[in-house]
Amino acid sequence: AQSVTQLDSHVSVSEGTPVLLRCNYSSSYSPSLFWYVQHPNKGLQLLLKYTSAATLVKGINGFEAEFKKSETSFHLTKPSAHMSDAAEYFCVVSGGNTPLVFGKGTRLSVIA
Amino acid sequence: DAGITQSPRHKVTETGTPVTLRCHQTENHRYMYWYRQDPGHGLRLIHYSYGVKDTDKGEVSDGYSVSRSKTEDFLLTLESATSSQTSVYFCAISESVRTGHNEKLFFGSGTQLSVL
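The listed protein sequences derive, respectively, from chains A and B. Take the first sequence: its position 17, counting from 1, is numbered 17 in this note's numbering, and each next residue is one higher. Take the second sequence: its position 69, counting from 1, is numbered 69 in this note's numbering, and each next residue is one higher.
Treat each hint with caution, since some may be false.
Covered stretches of chain B (in silico footprint by chain A; criterion: 3 or more residues with CB under 8 angstroms from a CB of chain A, positions within the stretch not fixed) [to be verified]:
id, region
1, 75-82
2, 104-116
No farther apart than 27 angstroms at their CA atoms in a straight line, the calculated lysine-lysine pairs in the BS3-like style are these [said to hold, decoys possible]:
id, chain 1, residue 1, chain 2, residue 2
3, B, Lys104, A, Lys49
4, B, Lys104, B, Lys57
5, B, Lys53, B, Lys104
6, A, Lys42, B, Lys104
7, A, Lys42, B, Lys57
8, A, Lys104, B, Lys57
9, B, Lys104, B, Lys70
10, B, Lys104, A, Lys69
11, A, Lys104, A, Lys49
12, A, Lys58, A, Lys69
13, A, Lys69, A, Lys104
14, B, Lys11, B, Lys57
15, B, Lys70, B, Lys53
16, B, Lys70, B, Lys57
17, B, Lys11, B, Lys70
18, B, Lys11, A, Lys49
19, A, Lys104, B, Lys11
20, A, Lys68, B, Lys53
21, A, Lys104, B, Lys104
22, A, Lys58, A, Lys42
23, A, Lys58, B, Lys70
24, A, Lys58, A, Lys68
25, A, Lys68, B, Lys70
Computed Cβ-Cβ distance ranges for the label pairs, DEER-style [unchecked claim]:
id, chain 1, residue 1, chain 2, residue 2, range
26, A, Ser70, B, Thr82, 23 to 33 angstroms
27, B, Asp54, A, Lys69, 26 to 36 angstroms
28, A, Thr72, B, Gly16, 27 to 37 angstroms
Keep in mind that the hints were calculated from the coordinates and are not lab data. Nothing here was measured: the structure is a model prediction, and the numbers come from that model. Glycine residues also receive a C-beta, built at the ideal position from the N, C-alpha and C atoms.
Let the sequences and hints guide you as you build the complete structure.
Right, here's the structure in full:
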């Protein structure tokens, strides 16, 4: 079975400072891991995807995530936050023949 | 953007009435999903389909049924709507060609359903 825990329901950062959104996962299989972003009143969009090739995954808009098997973590980072990054972010795990499992989301606020 | 259309975009209905939401895709993708999104719960899977007439239950399937008679359409029906089914419903598609679900999802814009 797969599960994912997003450790913060809300993160607030100042514009230009680093972003860290934390995600821990559990999977009985070698997992695929994703981060999705949802801007207000929009559907979800894929930010990045890990599927066992490289442990450091680069996504769109300057985001990246590092897969750490020993820590069962897949944290999302960005060196410098922009106002347009304000959104809800979802960590997602998949493995085996089961549908994707979504975390409960982290709302990112960016303060000018 | 992937060709996914959800209809209606907004719906207000009364408790006890049937409601059908439609998801239409133009990508010819095999997998289609219905999720609901509620504050504090993230997205939860209701039902999914892996082909015409092939569907399976998700995490929160009680009170919902689905049908897929054509590759491009996936219908979600609330047989007798309840206030607990007030939510935002998202359809998603995936081009998984293997048996797993580990390909990325493309999402529709959502349907806001209010059950009074």
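- request: Would you list, in rising numerical order, the hints stated earlier that this structure does not obey?
  value: Violated: hints 1, 18, 20, 23, 25, 26 and 28.
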